[in-house]
Amino acid sequence: MSEPLRHSGEPLSHSGESLLRIERLSLALPEGADRRYAVDDVSYDLGAGEILCIVGESGSGKSMTANAVMGLLPTGVHASQGRALFDGQDLLAMNEISHRALRGRRIGMIFQEPMTALNPLMRVGEQIAEVFEAHGLLTAKARKERALALLEEVRLPNPQAALRAYPFELSGGQRQRVMIAMALALEPELLVADEPTTALDVTTQAQILHLVKDLQQRRGMAVMFITHDFGVVAEIADRVCVMREGKIVEMGSAREVLDSPQHEYTRALIEAIPGDAVPPSRDEAPAKPLLAVKGLDKVYRSSGGWFQPKREVVALDTIDFTLDKGETLGVVGESGSGKSTLGRCIVGLNTPDSGEIRLNGVDLRALEGRELREHRRRIQMVFQDPYASLNPRIRVGMAIAQGPIANGVNKAQAMKQARDLLATVGLDASAAERYPHEFSGGQRQRIGIARALALNPELIVADEAVSALDVSIQAQVLKLLDDLKKELDLSLLFITHDLRVAAQICDRLIVMQKGKIVEHGSARQIFLSPQHAYTRELLAAIPGRAPHAEPTEAVAI
Amino acid sequence: MSFCKRFAQNRGALVGLVILGLVVLLALLAPFLYPDSPWRMVQRPFLAPGEVSGFWLGTDVMGRDVAAGLAHGAWVSLLIGLISTVVALAIGVPLGALAGYFGGRIDDALMRFTEFFQTIPNFALAIVLVAIMEPSTFSIVLAIAIVSWPPVARLVRGEFLSIKHREYVEAARLVGQTHRDIIIKQILPNTMSPVIVLASLMVATAILLESSLSFLGLGDPDTMSWGYMIGAARTVMRQAWWLSVIPGVAILLTVLALNLVGEGLDDALNPQLARAR
Amino acid sequence: MPYVSLILGRVFKAVIVLLAILVFNFFLIHAAPGDPAAVMAGEAGATDQQFLEDLRERFGLDQSLPVQLWRYMSGVLQLDFGYSYRQQMPVLDLILDRLPATLLLTGAAFVISLAFGILAGTLAAMRAKRPSGSVIMGLSLLFYATPLYWVAMMAVLVFSVMLDWLPAYGYSTVGAGYTGLTHVGDVAVHLILPALTLGLFFMAVYTRMTRTSMLSVSQQDFVKTARAKGLAPGVIQRRHILRNALLPIITLAGLQAGQMVGGAVLTETVFAWPGIGRLMYEALMQRDYNLLLGIFFFCALLVILFNMLTDVIYRLADPRIKEAT
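Chains as they are written, first to last, in the numbering used here: chain A, 1 to 557; chain B, 558 to 834; chain C, 835 to 1159.
Just so you know, these hints were derived from the structure itself, not from any lab.
There could be a bad hint or two in this list.
In silico DSS-like links for lysine-lysine, alpha-carbon gap of 30 Å or less [unchecked claim]: (1) K411(A) to K721(B); (2) K721(B) to K847(C); (3) K516(A) to K721(B); (4) K479(A) to K325(A); (5) K416(A) to K325(A); (6) K416(A) to K721(B).
These numbers were taken from a predicted model, which means no experiment stands behind them.
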């Protein structure tokens, strides 16, 4: 493997060793886009048997080069200069037929969304066998046998059954294993992995990263691994290339970039996710309970219809906890743990089957009509998706003022208050007259917070409130929430799948799995001495938690 | 890009708009161009177009002026197309909105009801309704509306189903907005673009339906319509082809124009979809 | 087992719809202006007191509404659709006599429209950015906007009157007395124009739907996966895009069946095709409402059967549905 070099733009010059060489590549965006080039004068090398991580936030153009290499550029985007040399041949100058012969055979690719990347109407086995068929290899019988062997290699449970399964019968992690099996079917020299773990739960992510690393080492393949997460970089990368707005800002060996980043942008990205963060111990103020939840149950039942059986999913199973005034309580869990259902039951978007939700000692579930509304007002929510949480046809000021107006405040006063709130969350008061589409994701999230504050709540439930944001924006929004909490004497119920985020903001944590609370305690205590096996698994799966150790050690399967 | 600019980018839609404008003009000018009843016999029958000056589209089996029939028929077609669409929207939008928003039993009940109307063969139902109520403008409008509202209800319900779980709607619930406000202020405005597109296509379909009913002799006996003109010309097709060709082309152009405008509206109102196409 | 319960569920639903249509029919008769007996007998029957008395007797028109409804429904459930005074035959016999011709016509039109519609739509999607794709879409828009009956008349004008290639009306050559294969050939020649003109509109519908569906499927992630495998474009179009794009077409075809029966009324009227559509027109002309409602009921029955069939096909085509039910 080549010695890592520090570069910021020039290609590496170890001739003969690089499998893929990108030379001064520029990819032009269609007219009317927000910038001219998706990728602007980019050069880098990928040696055989090396893992190169391309890191960047959304809009950095990090995936575009990979698409160009695969010949899968979206319509309207084209290479305006440069070359992409794969084993000496320029992929960009190649005709479609020769390019197709490389795809799948010498260059494999896996994608971000395992749920949609497989054809829903074809069996898994057929889809893998198709790779051999595409390149005219093997007989039908041999294809099937190879498919089975591949499914075994990617460690899919019960590969025989998986062969005959349709994609919808597999979980997200299992589908991603199928994708990997497919990409590796013809033992390509280069694997392009475009955010392959972003859509997965953290424990699944750890397993997939481990699998990719393991296969790469056994086969000596080169991997171009595209990610937004420096934690993942720490786990897997040999070399790193950091991109921002279509340009490379920093490039070098993984260790050098992680330990001593040269560019301030890289530093900011790395600092935004402290790899081995342990939450500080916080003062134990005398506890005044604000919210007390007791014995909360919720089962989702699908009505089966006249002749069909019903199905039940237990989302909440006798949940008990209290949240003190001025406290930030984190609820952590993977998808399907019931954490979102818990938040929705507390704000009143879902109705629990049984149990109590007491706010200041009053059981909300026993209230009705006007009284209920008066109490509900005190619990507001900040939502996950900054693009879906604001009505595209309602001006920002009105969106914030709607709550007070619905509660009887006159319009002029509510609008004035809305402008004040916009200033509070760090936006210009003139934003009130504009529509949501004029704002970025982070700004929209601030508007969402202002809307939640408009009714002077005592408790804010934040459901994955920063998950959809880039890490640099994440940090700003988290800080805003924390500041507002102190300033306005709020309490916060912070729901997240991301332990790193929880570590930054939470005083105490609840860890949920399959509708149950498996562990609770102070955030520091949970990070330092987790008691429950599942909590330990979650912590171990945080990518890049111990960046100085050997990456493979950090992965527990 | 503004709505008008996007609409104007679709050349077909512009052509459609021009044709539609001409038809509307013809309909509006009919009472001035041909102030007499189009049923009146004005010349000898079977005059070919241009044979006698002043009757540039000729005369029909009864010696009535084809051009006058065409102009008055335009009025009838547009009016019935428009009113029956409005009535269908008035049935379909509220039903779909309630079903989609409240879900559960209300949804089940309303959707069974909708499915029932969707299962019944459309045109056959329209025939039966008009026949039994006796043909009149009122019964025709009602019959067309009754057979055309189910797609509206389904569309609106689908939109409501997808929008009601958007976070902004949930936020509105949390701040205590009433169901009425949420339906009318939060959700309904966001469902309007597909409804507008559907409505423009429904006017086209309604015009076709009306002409088909008239063709079968189920038109309002007091109004001249294009479908009736074709129906009356059917038996004399061999002698006077123009009697069926002229009103047929009129229907074709009008319906075509409405479809083109509908497509243009679709492109202009749903820019993301248009780009994907 | 899931199949059995599935089919039971479908049948149950269909029966409910049919019963609802009967109730609907019943109230339609009562909503009509005038004496229900006179309505059912049509204009002609109104002069025949004996016939009116029979009708009153049979439906118990002097009794309460629920009793009348019950009599009407139980009559229909025993396959008694009443008597057509005009045609001097039981309604059921009239309909069954005409049914085969309609099934032949609509069946042929259905197959033609679906096959050519999907083909044209696929071509239009693959050539979405080329002139040939625009030409297909332009033609389909044209057919979509043309009144069905008028296309039929123009076809007669051109292919029968002017060119004299094909017969203008009827089911077979009158008085020729063909038998065996000659008869089949004769019917086939008579079928060409009606089936084509009826199918043309629906072909346009399927063309447009197939194109839209294929273009939207081609945006999906798994198509990118297929390209990343190195599959040839033709294979991707056929195996990945078309297969997924056909699912909504199946649903649409089920819904369009009802429209096709309606279209048959117009086509059969123009071509004097002796099916139930033509019978419906005759019933209309003679104001034979009892016959009209009987035909209406049969049309609905046909559509419901067809919907059940497409439902089954959909379930076979989409593996996800089995799991969901």
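Results of checking the hints against the structure:
no.	hint	verdict
1	K411(A) to K721(B)	25 Å, holds
2	K721(B) to K847(C)	29 Å, holds
3	K516(A) to K721(B)	28 Å, holds
4	K479(A) to K325(A)	19 Å, holds
5	K416(A) to K325(A)	29 Å, holds
6	K416(A) to K721(B)	29 Å, holds
Checked against the numbered hints given earlier, the structure satisfies every one of them.
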